[in-house]
Amino acid sequence: MALSPRLIGLLLAFAAPLSWSVGGIIIRSVAAEPWDIVFWRATGHVLCFPVAMWWLWGRSVLVDLRAVGKPALAVALFMASTLIFHVLAMTSTTVANVLILQSMSPLLVAVLSWVFLDERLRTSGWLILAVAFAGLALVIGGSLGGGDMSGNIFALVVAVCSAAHVTIVRRHRARNLAAVTLPAAVLASCISLAFAQPFAVNLSDIGLLILLGGIQMSFGLTCFILALRYLPAAEVTLIALLEPILGPIWVWLVIGEEPAAATIVGGIVVLGALVAHVLLATRRAQQAPAP
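Note that this note's numbering numbers the sequence shown so that position 270 is 270, with each residue one more than the last.
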């Protein structure tokens, strides 16, 4: 039985934060400086993605990239910024702080999509978004005080850059822009190399960071970009709020960096809002007349 476009979009949208959420465990587990992590994670994507890209889409994905032109270059620049500042944030403050502050992105995307894409949220959508951010407020209240301010600022930069590239990708959703992750990773690698000493990292940690690039970027980021072809930008980024819920849990279970009680309560609120949103949106999609 063929899957509906909406179900394909939901599967892709949920796969992205699930793969991203393992980042905190690996970054906390390696003995490497922030710029070394940026270099090897981006290099992992550069090594893994071309094979998958060519096998899945062949030359067509490069044709789409050229057809979009300058907006695709803007996406690569914004995406490279998120790759760099995410790692700098992760190594400057707690994992919970980083993931929660980056989660401001759905609100920014909802506004940008309304202004530039005419994708307006229903009243129920804004209500669910408000409930989700109430949950995030609980998490921030429980964890923000323990973080370093520079790391918090880096995380907010990630949120802004992420919202910008999501809006551009959604605007050009008729084209497959998965290949834009490759120049973004190359750019991040080149910038980080000016500050890094990548071969000072031991081989086992290099292997973990290359694996992280494959999981988070080659798989996760590609799923995220493809989900934007099937679902509204605000919905995809709202589902991405699973990352700040799952990330601290994995770090807690594996490494022992225990989140505050408010973080757990806030996570439950956010998860409940996500479930409500998906159920309502799916019900509306089923009731809508066939095109």
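Hints listed in this document are in silico derivations from the structure and should not be mistaken for laboratory results. Predicted, not measured: the structure shown is a model, and the values here were computed from it. Accuracy of the hints is not assured; some may be wrong.
Quick list of the computed label-pair ranges, beta carbon to beta carbon [claimed, not checked]:
#1 GLY256 x LEU156: 43 to 53 angstroms
#2 MET149 x GLU258: 15 to 25 angstroms
#3 ALA2 x VAL275: 20 to 30 angstroms
#4 LEU156 x ARG6: 42 to 52 angstroms
#5 VAL51 x TRP126: 34 to 44 angstroms
#6 PHE199 x ILE8: 35 to 45 angstroms
#7 TRP114 x GLU258: 33 to 43 angstroms
#8 ARG6 x TRP57: 28 to 38 angstroms
#9 LEU127 x VAL51: 16 to 26 angstroms
#10 GLU258 x VAL51: 19 to 29 angstroms
#11 SER204 x ARG66: 36 to 46 angstroms
#12 ASN202 x ALA262: 29 to 39 angstroms
#13 ILE153 x GLY256: 23 to 33 angstroms
#14 LEU193 x GLY272: 17 to 27 angstroms
Positions of the beta carbon are idealized from the N, C-alpha and C atoms, including for glycine.
Worksheet item: Regarding SER204 and ARG66, is the given constraint of 36 to 46 angstroms on their beta-carbon distance met?
Response: holds, 39 angstroms
Worksheet item: Is the distance from the Cβ of GLY256 to the Cβ of LEU156 consistent with 43 to 53 angstroms?
Response: The hint (43 to 53 angstroms, Cβ to Cβ) is violated, given that GLY256 and LEU156 are roughly 27 angstroms apart.
Practice prompt. Note whether the CB distance of GLU258 and VAL51 lies within 19 to 29 angstroms or breaks it.
Written response: violated, 39 angstroms
Discussion item. I want to verify a distance hint. Is the separation of the beta carbons of LEU127 and VAL51 within 16 to 26 angstroms?
Written reply: violated, 44 angstroms
Discussion item. Taking 35 to 45 angstroms as the stated bounds, is the beta-carbon spacing between PHE199 and ILE8 within them?
Written reply: Distance hint for PHE199, ILE8 holds at roughly 41 angstroms.
Item to complete: Evaluate the given range 29 to 39 angstroms for the C-beta pair formed by ASN202 and ALA262.
Response: This hint holds: roughly 37 angstroms between Cβ atoms.
Worksheet item: Does the hinted range 34 to 44 angstroms hold for VAL51 and TRP126 at CB?
Response: This hint holds: roughly 42 angstroms between Cβ atoms.
Worksheet item: LEU193 and GLY272, beta-carbon distance inside 17 to 27 angstroms?
Response: violated, 44 angstroms
Discussion item. Taking the Cβ atom of ILE153 and the Cβ atom of GLY256, is their distance within the range 23 to 33 angstroms?
Written reply: holds, 27 angstroms
Worksheet item: Can the suggested window of 28 to 38 angstroms be confirmed for the beta-carbon pair ARG6 and TRP57?
Response: violated, 22 angstroms
Discussion item. Does the beta carbon distance between TRP114 and GLU258 stay inside 33 to 43 angstroms, or does it fall outside?
Written reply: Since the Cβ atoms of TRP114 and GLU258 sit about 39 angstroms apart, the hinted range of 33 to 43 angstroms holds.
Worksheet item: Taking 42 to 52 angstroms as the hint, is the beta-carbon distance of LEU156 and ARG6 inside that range?
Response: violated, 32 angstroms
Consistency with the previously given hints fails for numbers 1, 4, 8, 9, 10, 14, ordered from lowest to highest.
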